[in-house]
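**Student:** Generate coordinates for the entire structure from the input sequences, incorporating the hints supplied.
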Amino acid sequence: MSPSWDGQGERAIVDAARAGDESALAELYKLYFPRVYRYILARMGNPYDAEDLTEEVFLRILDAIERFQWREAPFSAWLFRIAHNAVVSQRRKEGARGRSSPLSEALPVKSQGPEELVENRLALNEIMRAAETLPEAQRRVISLRFAAGLSVAETARAMSKGEGNVKVIQHKAIAKLREMLRQRPKVYGKGRV
Amino acid sequence: MGRAEFEEILEECLSALLEGRRSVEESLSLYPAWRGRLEPLLRAAEEIAAGFDQTPPSRARERGLQRFLEAARTRRRLRKIFSPQPAGISWWRWAPAGLVAVIVIGALAFLSASLMAEDGRRLDEEVSIRPYIPTPEHTAPPGSVQSPLERVQEQVAVLEEAVRQGEMVEVGFLEELEEASGELAESLEDPGEVELVDRMAAVSAASKEYELLQTVQEQSSGFEAWVLEASLAAAENVLEKLGATPEPEPTASPEPTASPTATPSPSPSLTPTAGAEATPTPSPTPAQAE
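Chains A and B, in that order, give the protein sequences. When the letters of the first sequence are read in order and numbered with the numbering used here, they come out as residues 1 to 193. When the letters of the second sequence are read in order and numbered with the numbering used here, they come out as residues 1 to 290.
Please keep in mind that the hints were generated in silico from the structure rather than gathered at the bench.
Listed below are several chain A residues computed to face chain B (Cβ distance under 10 Å; list not exhaustive):
no., residue
1, L25
2, A42
3, D63
4, L124
5, A147
6, G149
7, S151
8, A173
9, A175
10, E179
Output of the computed footprint for chain B on chain A, the stretches with three or more beta carbons under 8 Å from beta carbons of chain B:
no., segment
11, 27–41
12, 51–61
13, 155–168
Covered stretches of chain B (in silico footprint by chain A; criterion: 3 or more residues with CB under 8 Å from a CB of chain A, positions within the stretch not fixed):
no., segment
14, 2–11
15, 14–25
16, 46–56
17, 65–78
Note that the structure is predicted; figures quoted are calculated from it, not measured. Positions of the beta carbon are idealized from the N, C-alpha and C atoms, including for glycine.
**Tutor:** Right under this line is the structure:
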């Protein structure tokens, strides 16, 4: 889930994208779209919302990329701040409309066989249900680390926290999720906890 | 072994797991002393990572990419349209255009000032408004056919000059004046059809004619008297047609009881016959002359 380029490669592509280079923009999109999608899906729980909101996040990126400064944060941290803000805005809108975001039966799954497909859907549903009980900071750290694939350093910059603080939050979140997953009924045979 | 140290080891094992560098088993073998605390956390992390490992639908990915690139193109076009000029352009690149602009503005200012000054001069000029006085020169261009009014006006002007000079008035001239006055009277058969200006001019000319003929009559004697009477009657006829019958002079008004020695003078309603009846002198009237 980590990006397929090194720091210098990312910097070159981001700089080209900031200058309006279309191929660089397309490259950024291809590399970050799955991560942004997973992050938003982890936060929202609905694949359709995740698709629409991911598109919106990239349009926001397009508007803001000229103002991006390397000295402030890594590009990924900057990008996932935008994604986080989009999630918060969406939740605010849904709250105003009185709409909850129930876990969808149509949660996307990897292209696998029917048995694995069901297992993946159940796994994600269970994790999502468990994650909903976490405090916001823990849920955000888990989403950034496990769904978006950010490093601890990047997560810390995205959340404007120290790395040590992020590690502690991460540890507590995993331990809590483990407890919740242990209490689940064994509906499929891959209980590894 | 402190908590911070464990946090570091856990993070190192999690990063290796999430990045696919090591499996849970490999990490546990690297840190056998921490196996009891590490294993449940790493197993849970493995399950969480598997649950979040969702691939977005390819159609959503492609649709989003097209919209993203189209939006980028739109923004680039708008930026080209509305972006300010680059700051690096030297001043001398604008100098020719600036110079031309200054010249054009200066020329326009000069032209405007000139026009305003011309207008000022025109405003300062005195404008005289003269009343319209029909004269033979005005109403009878060379070669054109004269109207009766124009002929009368012309002849009255000649008569006036003759009287002023004290010259003799020939009988033929008087006959022409009578004829012109008669024609003028005929043209005034329906005064409503005559323009006001022409009516005024006719009144003026006939009045002048009548006055001058009286003067001539006073100074004449002998054979041309009857010709004068005819001319006076013609002028009077014109004035009657115009509703401007001349007022009789007090001293010349012939009373019915006038003495036989009274000076012959036309009355306001003077007609040749009436004038003859009122005149004890042997001066013939036109009717008598005929």
